[in-house]
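**Student:** Each chain is listed here by its residues.
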Amino acid sequence: MPVQKMLVVDVNKCTGCRMCEMACSLFHEGVCSPSLSRIRVYERHAGVEEITIPVVCMHCTDPPCVAVCPMGGMKEDEDTGTGVCADVCIGCRLCFMACPVGAISFAPPPNVKPLKCDLCGGDPQCVKFCQTQALVYVPVMQAHRLRAKKLLDHYVSRRGETPEDEGAAAYEVKV
Amino acid sequence: MKYGWTGRRLVVDLPSRTWSVEQLSDELLRTYIGGRGLNSRTLYDRVKPGTDPLGPDNVLIFGVGPVNGTLVPGSSRVTVTALSPLTLIGDGAPCFGDSNVGGFTGPEIKFAGYDQILFLGQADSPVYLWIDDDRVEIRDAQHLWGLDTWKTDETIRRELGDEEIKTACIGPAGETQARLACIMFNRHRAAGKAGMGAVMGSKKLKAIAVRGTGGVPVARPDELLQVVEEAVKTLYEDPSALAWSRYGTPSLLRPHQAHGRLATLNYQRTQFDNWEKITADALAEQYWTATKACFGCPLHCAHWFVVGSGPYASYGEGPEYVCTGGFGSKCGNDDLSAILYCHSLCNKLGLDEQNTGSVLAWAMECYQRGLLTEKDTDLKLNWGNTEAMAELIQRIALRSDDLGTLLAEGAYRAAQAIGQGSERFLIHVKAQDPALSDGRVAKAWGLAYAVASRGGDHLRALPTGETYFTPEEAEEMFGSAEAVHPDGVKGKGRLVKWSEEHRAVADSLEVCKFVVRTSLMPPEWVAQFLNAVTGLDYSGDDMLKIGERIVNLERAFNVRQGLTRKDDTLPERFLKEPVPDGPARGRVMDLEPMLDEYYEARGWELQTGYPMRRTLEELDLGDIADEVEAMGRLGDLHIATSDKD
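Chains as they are written, first to last, in my numbering: chain S, 1 to 175; chain W, 1 to 645.
One chain only, chain S, in its complex shape (with noise of 0.2 Å):
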């Protein structure tokens, strides 16, 4: 089944609170922890800047965690269409290093097991306390729409409008 939504996340928008993190490992493990979170934010400097990246799993339409997994245990979620772990994991890490933008990460030892992103499936916690939307769900097509915004305002900023079309209200017709 096709993905109808997917994560967006925008790196400009994040301001590293790592509530994601908090609301991800509370939902899936009761307990408030970086290392069982299913996404994770780092840190980089990069020049006079400090930035901070969430990480987390893009949901592949064609998942190669999935095609790895020698247990089978990597499932296609018929709802969001995600790469979903059962309860099979002898802890192989195949899916770690299949992975081709490192969004599975394990949980510290003795309790090894892949921590992969779920989409909480299809209400993802980290959207909703994420404030600053960094990170979104939204089907596919809204997402192209969010990410072309910085093209489209800088058309209707040319025509010397604001973004919002502020200005047509002298010219409304009252009805």
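Simulated crosslink set (PhoX-like; lysine-lysine; CA at most 25 Å straight-line): (1) W:Lys576 to W:Lys490; (2) W:Lys513 to W:Lys545; (3) W:Lys151 to W:Lys204; (4) W:Lys513 to S:Lys128; (5) W:Lys545 to W:Lys2; (6) S:Lys5 to S:Lys150; (7) W:Lys233 to W:Lys513; (8) S:Lys113 to W:Lys2; (9) S:Lys13 to S:Lys128; (10) S:Lys128 to W:Lys233; (11) S:Lys13 to W:Lys233; (12) S:Lys5 to S:Lys75.
These are calculated hints, taken from the structure and not from any lab test.
Let chain S serve as the given structure and place chain W on it in line with the hints.
**Tutor:** Coordinates of chain W only, in the frame set by chain S:
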């Protein structure tokens, strides 16, 4: 206890370079919650009168709370507690000291499995503490001594080989035991109040490095998810939350100017002519490049700034209003890039900006009045001389000349040395600078400064209710609608009492007071957070009672050190000098009637400010009542009530 708390205290004995882990009893945790409350009890039990704050018998305590490192909004805070080397009470005895800080180190301490870290004694050469979950090491820090806070942080993370390590360290100012020294957490967040950096320096403890891979088990996960979702929604219904999330504390400068309470030229005025050059808007337009947050904070009030060129090129996180006002209006400076440069200097050198801004402004007024001249210093300390300000900050941190060495002792001790009436325009309470709200104009804030347990400070009470509550609410909660009237007197004492208790609870859970404040989240909200995490069943009233217990405990500590009513006062300028111009023209602070009401509401003796036995016993502090009674410092019931009305 199974949830929230770790129940573990890490005790580090610096002289022997050994450590141990102690269990904290359930009763102790339930009674004081954690963070500030638990630290205050530890300090009371460990530090007796006569202790030298920079000597081996002082302790240094880092405390986190039960909700630290959870989804609870703003659960990033840490309280650092010690007998303060900066503040003074009674006949010159040091006062209670602590400092509260955000960032990411607090939750990391929790994830490593500790509620409190207690440092005893002094090391014979520089060391740093490395906590790697259960593995603890006291490592040599000879190679770090002399490094600034940013280089220290970077060096430690590199040599231990883990980018995820969180640090707290002192800079050169802490090493020279400047009484204005702070402790920097993860490069950008300062535990600034009360000279905690100097205590750390006296212990030759350069840094703490923490890596925790554990987590905080939550008793009722679904409930916590739901409570926090509602809390965040409520938070953002408050219009001030929007301003806060966009502009942070620098947004306070504009209303301070508008209401005539902006500290200007060392409080000679409450209006700054060029205020528009140093507002949050100016920062946003010229220097801010990104929005930043502490751990777990939906409000994200911090920013990243870059000054890309010029003599004041710099970058980092910040600034706060304490900085834009403190190095701006208070010093007559309207150069925003210089403000950011001074901010960077303080962060790297490990100086508290509040108290540093205060000594600069006071020294500049000395210069204005000819009490400091070219004979005393080669620096021309004219108002707004940014070059001299930046130079002096470095001399203070390094104690590299006579004036720097003098000012490193704090403005109060410097004024004692210089004399000639300079103490009359010194802005301090118990030898520490209060915040940048003029205490003549914002009356509840003035009263809060006077009674704060760690000396001049606005965050003990943070009485924002003075402007937020309606007259009807004030009547019901504080017995008088005057409590929220700018010129009111009645009800202010009770407003400050309530606020102090609410803030003490936030400090003990270790959630940010800005989160609790902005939406005016009542104590019931705070109890809901705590209950969902710990599985216990506190009510809003229980929360306030615990807050009251903490305030009284800290009071008793100060009474034991020698505090009396005469210490609960304000700078002469606030009490005697009317505001010269602006919207608040003519205002002075009539403190005594408010203080009377506050003492009465607190159950403290009017003449001395000593708590009464009944007050302490009702808060389960009977053992403390016995101790202060033996010293002859227990309040007397018969002179505890006013006969005025």
